[in-house]
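Chain order of the listed sequences is C and S. At the far end of the first sequence sits residue 230, using the numbering used here, and the numbering has no gaps. At the far end of the second sequence sits residue 220, using the numbering used here, and the numbering has no gaps.
Among the hints, erroneous ones may be present.
To be verified - Computed list of lysine to aspartate or glutamate pairs in DMTMM-like fashion (alpha-carbon distance at most 20 Å, straight line):
id, chain 1, residue 1, chain 2, residue 2
1, C, K172, C, D25
2, C, K124, C, D86
3, C, K123, C, D25
4, C, K127, C, E163
5, C, K44, S, D150
6, C, K123, C, D85
7, C, K89, C, D75
8, C, K191, S, D150
9, S, K159, S, E191
10, S, K87, C, D75
11, C, K172, C, E160
12, S, K87, C, E47
For the record, the hints were derived by calculation from the structure and aren't laboratory data.
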Amino acid sequence: MGSVVRCDRYPYVTGSSVLGIKYKDGILLASDTAGCYGSTVRYKSVERLKRIGDNTILGASGEISDFQAITNLLDELITEDWMWDDGNKLGPFEIHNYLNRVMYNRRNKFDPLWNSLVLGGIKKGKKYLGMVSMIGVHFQDNHVATGFGNHLARPIFRDEWKEDMTLEEGVKLLEKCLLVLFYRDRSAINKFQMANVTEGGITITEPFALKVNWELEAFRNPTKGAEGSW
Amino acid sequence: MDAHGPHGPYTTIMAVEYNGGVILGADSRTTTGVYVANRASDKITQLTDNVYLCRSGSAADTQVVSDYVRYFLNQHTIQLGREATVKTAATLVKELAYQNKSFLQAGMIVAGWDKYDGGSVYAVPLGGTLLRLPFATGGSGSSYLYGFLDQAWRPHMSKDEAERFVVKSIALAIARDGASGGVVRTVTVNEHGAERNFFAGDKLPLFHEEIPPGRNSLLA
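So here's chain C without its partners, still in its complex pose (with noise of 0.2 Å):
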């Protein structure tokens, strides 16, 4: 069965942009914790990044439930990965691979996951990180971003990003596009979460909120002298 075409798959409950870079010693991911529905910003703490296995995180833009059962996908694989017990772990690129395939046979059924999925992950010292879409395009690259954040964000990283930043640096780089973000998408709130994963692990943080500048003289009075326009 399942021959029923589904064209009527809307998105409900949305994430926005994820940013994902990668810095010397792994992978760092971003997002913020909104679930808007419409234009409202619905729910204020829904976490986007999950951490998939021991070596690899994940992070989605879009549909939240579709988020959700991806997750329960990607957890059914690593445990029966490691039922086999055989000394050997999926690692980032395999689970790309997975992905992919998922998001693309979804596609040709007409029935998308609507997601954007940013993976990122390290295994032997190979670092990854890659975004597969909605309808299956997927790549792999030293800075990605979905959503608003291939507009406001990967602009920034092409300018900024450079071979083998410390931890420090990758992380104020992504705090600086998280605030364009929180400034100019409707959809992002001032709630963030980040993860990072290297070989000795995976860490998401707890959520954290950024400090916000309206102090620009030019916004005190913008209309002066030109009343109407704003």
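Place chain S on chain C using the hints.
Just chain S now, with coordinates in the frame of chain C:
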């Protein structure tokens, strides 16, 4: 293909965790278009002795979902040998909502008490996302409550505080949402079981520009 915001589900529902259990609340208006088909409906449905469901959206869809989940939980309880957990009930509701997302218009809140997690509230909005939260709202009336809840909700309320809070919230939504009205029904679930309550007419607080019933001045 844009996501439509809080729409449709012509109701106000909410559930709140307090220290010791949960309080579920709802209005009692069911509309078919502009006509109030039922002014005293009961939107809080029992799933098991210790888990209840608030329903918003299509009445037919939520009734069927709750019937299935009640049936599954009944079987599960017999096999398990002890009462089902709130998490299990919520996951079943989520499974139905998620796997049938193209066909259903159901925004639901699952809340109850079990001995492992105490009082728990789970939101299952359109699409079938599952979120455990300290409190949740739903339905068209919930749009009018975001500001109030942001300001007034606090964790670790007592049972009476929480019930007053729920009644006040639903009453505020009823005051502004045409699709919500009637009485405020609450269900309190804790380790001692479940208790239904009913707040109507002059038991509800009055707000801006609302007046208490009184004698017509012509007849005074």
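For each hint, the structure was consulted:
Of the supplied pair hints, the one linking K172 of chain C and D25 of chain C holds, its CA atoms being roughly 15 Å apart against a limit of 20 Å. The hinted pair formed by K124 of chain C and D86 of chain C meets the criterion: a straight-line CA distance of about 17 Å does not exceed 20 Å. Pair hint K123 of chain C plus D25 of chain C holds up; C-alpha atoms about 11 Å apart against a cutoff of 20 Å. Straight-line distance between C-alpha atoms of K127 of chain C and E163 of chain C comes to about 12 Å, which keeps the hinted pair within the 20 Å bound.
About 11 Å separates the Cα atoms of K44 of chain C and D150 of chain S, which keeps this hinted pair within 20 Å; it holds. Simply put, K123 of chain C and D85 of chain C have alpha-carbon atoms about 18 Å apart, close enough for the 20 Å limit, and the pair holds. Between K89 of chain C and D75 of chain C, the direct Cα distance comes to roughly 13 Å. Compliance with the 20 Å bound is thereby established for this hinted pair. The suggested pairing of K191 of chain C with D150 of chain S holds, with an alpha-carbon distance near 15 Å, which does not exceed 20 Å.
This hinted pair checks out: K159 of chain S and E191 of chain S have alpha carbons roughly 13 Å apart, not beyond 20 Å. For the hint linking K87 of chain S to D75 of chain C, the alpha-carbon distance of about 18 Å falls within 20 Å, and the restraint holds. For the hint linking K172 of chain C to E160 of chain C, the alpha-carbon distance of about 11 Å falls within 20 Å, and the restraint holds. Among the hinted pairs, K87 of chain S with E47 of chain C is consistent with the structure: their alpha-carbon atoms are about 18 Å apart, no more than 20 Å.
Checked against the numbered hints given earlier, the structure satisfies every one of them.
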